[in-house]
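Work out the full structure: start from the sequences and follow the hints.
Heads up: the protein sequence lines correspond to chains A and D, in order. Under the working numbering, the residues of the first sequence are numbered 22 to 398, in order. Under the working numbering, the residues of the second sequence are numbered 38 to 161, in order.
Think of the hints as simulated: they come from the structure by calculation, not from any bench. Remember, predicted model here, so these are calculated numbers, not experimental data. Treat each hint with caution, since some may be false.
A few chain D residues facing chain A, derived, Cβ under 10 Å [what the hints assert, rightly or not]:
| # | residue |
| --- | --- |
| 1 | Y41 |
| 2 | F42 |
| 3 | A46 |
| 4 | S59 |
| 5 | F63 |
| 6 | A92 |
| 7 | P95 |
| 8 | L106 |
| 9 | Y119 |
| 10 | L120 |
| 11 | V124 |
| 12 | A132 |
| 13 | T144 |
| 14 | A146 |
| 15 | A147 |
Lysine to any residue pairs mimicking SDA-like chemistry, simulated, CA-CA at most 25 Å apart [said to hold, decoys possible]:
| # | chain 1 | residue 1 | chain 2 | residue 2 |
| --- | --- | --- | --- | --- |
| 16 | A | K324 | D | A132 |
| 17 | A | K324 | A | V374 |
| 18 | A | K324 | A | G181 |
| 19 | A | K324 | A | G177 |
| 20 | A | K324 | D | P133 |
| 21 | A | K324 | A | G292 |
The beta-carbon is built from N, C-alpha and C at its ideal position, and this holds for glycine as well.
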Amino acid sequence: VTPQAVIAGTAVVGPRRDLPRAPLADAGQAVERALADAGLAVPDVDGLFTYTHTPTDPRAREMQRTLGIADLSGWGDLGVSGASGMAAVVAAAEAVLSGACQVAVAFKAARQRPPSPGVPAGCLSAEERLLAGYGPFRVAMTSVAMRMRRRAFELGCDPGECGFVAVNASRWAARNDRAARRTLLDLDAYAASRVVLDPLRLHDCDYPVDGAGAVVIARGDVVGNRPAVTIDALSCATGSGHGWLFSDDFLYGATRRCAGRLWERASFGPGDVDVGQVYDGFSYMAIAWLEALGLCPEGRFGKWVEGGDRIGPGGDLPVNTSGGQLAEGRLHTFGLVHEAVRQLRGDCGPHQVAGAATAVVTAGFGPQCAALALRTG
Amino acid sequence: MDAYFTGLAAGRLVAERCQACSRLQFPLEGRCAGCGDGDPLIEVLSGEGVVYSYAVQPGRAAESAEVVLALVEAVEQPGLRYLGLLVDLEAGDLAPGMPLAFRPGDTDAAMVAEWGPAGGWDVT
Numbered sequence: 022v023t024p025q026a027v028i029a030g031t032a033v034v035g036p037r038r039d040l041p042r043a044p045l046a047d048a049g050q051a052v053e054r055a056l057a058d059a060g061l062a063v064p065d066v067d068g069l070f071t072y073t074h075t076p077t078d079p080r081a082r083e084m085q086r087t088l089g090i091a092d093l094s095g096w097g098d099l100g101v102s103g104a105s106g107m108a109a110v111v112a113a114a115e116a117v118l119s120g121a122c123q124v125a126v127a128f129k130a131a132r133q134r135p136p137s138p139g140v141p142a143g144c145l146s147a148e149e150r151l152l153a154g155y156g157p158f159r160v161a162m163t164s165v166a167m168r169m170r171r172r173a174f175e176l177g178c179d180p181g182e183c184g185f186v187a188v189n190a191s192r193w194a195a196r197n198d199r200a201a202r203r204t205l206l207d208l209d210a211y212a213a214s215r216v217v218l219d220p221l222r223l224h225d226c227d228y229p230v231d232g233a234g235a236v237v238i239a240r241g242d243v244v245g246n247r248p249a250v251t252i253d254a255l256s257c258a259t260g261s262g263h264g265w266l267f268s269d270d271f272l273y274g275a276t277r278r279c280a281g282r283l284w285e286r287a288s289f290g291p292g293d294v295d296v297g298q299v300y301d302g303f304s305y306m307a308i309a310w311l312e313a314l315g316l317c318p319e320g321r322f323g324k325w326v327e328g329g330d331r332i333g334p335g336g337d338l339p340v341n342t343s344g345g346q347l348a349e350g351r352l353h354t355f356g357l358v359h360e361a362v363r364q365l366r367g368d369c370g371p372h373q374v375a376g377a378a379t380a381v382v383t384a385g386f387g388p389q390c391a392a393l394a395l396r397t398g
Numbered sequence: 038m039d040a041y042f043t044g045l046a047a048g049r050l051v052a053e054r055c056q057a058c059s060r061l062q063f064p065l066e067g068r069c070a071g072c073g074d075g076d077p078l079i080e081v082l083s084g085e086g087v088v089y090s091y092a093v094q095p096g097r098a099a100e101s102a103e104v105v106l107a108l109v110e111a112v113e114q115p116g117l118r119y120l121g122l123l124v125d126l127e128a129g130d131l132a133p134g135m136p137l138a139f140r141p142g143d144t145d146a147a148m149v150a151e152w153g154p155a156g157g158w159d160v161t
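Right, here's the structure in full:
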């Protein structure tokens, strides 16, 4: 029997807006706390994986030196084309599942004002180069504003439906003392917020923070009887097309392929999900993920969400129960994984979903998608 | 992408045409992403397109104008999309599938594509 990969421990440092520290210091603290959470120690670690989307992100080998790990049997610095920090989580899980590592740690530091990621190498730089001629536009944000409008064209959805996601994030964040943005938002405040790139508003954008996250993934037999969460399935997808602005599936990017692949592999299906942690770098992305995962009928989010009650505290399908990246803060998916694990352990206190036994976590958008199906045991 | 900017400078909108599968492609990649053929030819398009989607950047100050950045689908092939500025059009009047015509434009940073009302100007 192939040993399963489990999430043995997680940690989040911050998120906060006040005292920026060196990214390596935050990330190192996150790794140490995640190991303590797992009941493991630094010498147990034989794999380190990180998502390096900016030039100052600490590398896996720097973390090795900081922690004092004599040798690694697997490591990786996953670059800008990955599915946010989930790229590192997936790489760590794959290392464990393949037998390359017994205990692999994924980590990532978050910065309020990260240095520019620069232009990715190769043909994918075409989007950056094209966009640069038009002014201070960013590829992901521009593509999201255009997707919101295209969704209105094709499916008749009011872009204001994104407000339900922003309001939901604030409702959950109000119950989560980790959250960096705890101002309660209502639909009127959302509708009155600054237009960044019409139809995209300020409250559609994730909340920049300083901090870090870490996830410890281990072979099931290594962690023994300690409480862990099983990785039931994982999946990644790029979808087809050139990139973000020129992806073939403009409304959903690679989310539908990623979700389809996840459910082919998982032991449970969308109807069995107790809690969802879906990527919300922009609120639109959360809607696309919920629909791609089959948690909500395609193009029906605005009605399905029942004014927000459905995904809020006490709802049928609680979503982004930490406040997500919109309100807990932009931890590059590590906050979402941390929250999913805490939910399945029943450790969430005021934002706990009673009896949560299954969770789905998704990351990224456009051509950079990944997802995890998690369960207790 | 150099051929794209050279084309703009000469007033032309170009795509890559795959010699093996005949597919048109943009952005230019030097290789057909549909069939993998490595030798696509540069082809000049008609400069006719339709609105696919757009986003509006509000004016930063009272006197600065809003910028309407669009994705425009070329009439030559479904899914063949271009980025460009919408000019001489009111954002409120825009609708999906609305016909547009291309012309080269210039910003401080680079040559860009502009799209205005079909028949609104002569395309050379």
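Now the hints, each set against the structure:
no.: 1; hint: Y41; verdict: holds (8 Å)
no.: 2; hint: F42; verdict: holds (9 Å)
no.: 3; hint: A46; verdict: violated (12 Å)
no.: 4; hint: S59; verdict: violated (18 Å)
no.: 5; hint: F63; verdict: holds (7 Å)
no.: 6; hint: A92; verdict: holds (4 Å)
no.: 7; hint: P95; verdict: holds (6 Å)
no.: 8; hint: L106; verdict: holds (6 Å)
no.: 9; hint: Y119; verdict: holds (9 Å)
no.: 10; hint: L120; verdict: holds (5 Å)
no.: 11; hint: V124; verdict: violated (12 Å)
no.: 12; hint: A132; verdict: holds (8 Å)
no.: 13; hint: T144; verdict: holds (6 Å)
no.: 14; hint: A146; verdict: holds (5 Å)
no.: 15; hint: A147; verdict: holds (3 Å)
no.: 16; hint: A/K324 - D/A132; verdict: holds (24 Å)
no.: 17; hint: A/K324 - A/V374; verdict: holds (23 Å)
no.: 18; hint: A/K324 - A/G181; verdict: holds (12 Å)
no.: 19; hint: A/K324 - A/G177; verdict: holds (12 Å)
no.: 20; hint: A/K324 - D/P133; verdict: holds (23 Å)
no.: 21; hint: A/K324 - A/G292; verdict: holds (18 Å)
Comparing the model with each numbered hint stated earlier shows that hints 3, 4, 11 do not hold.
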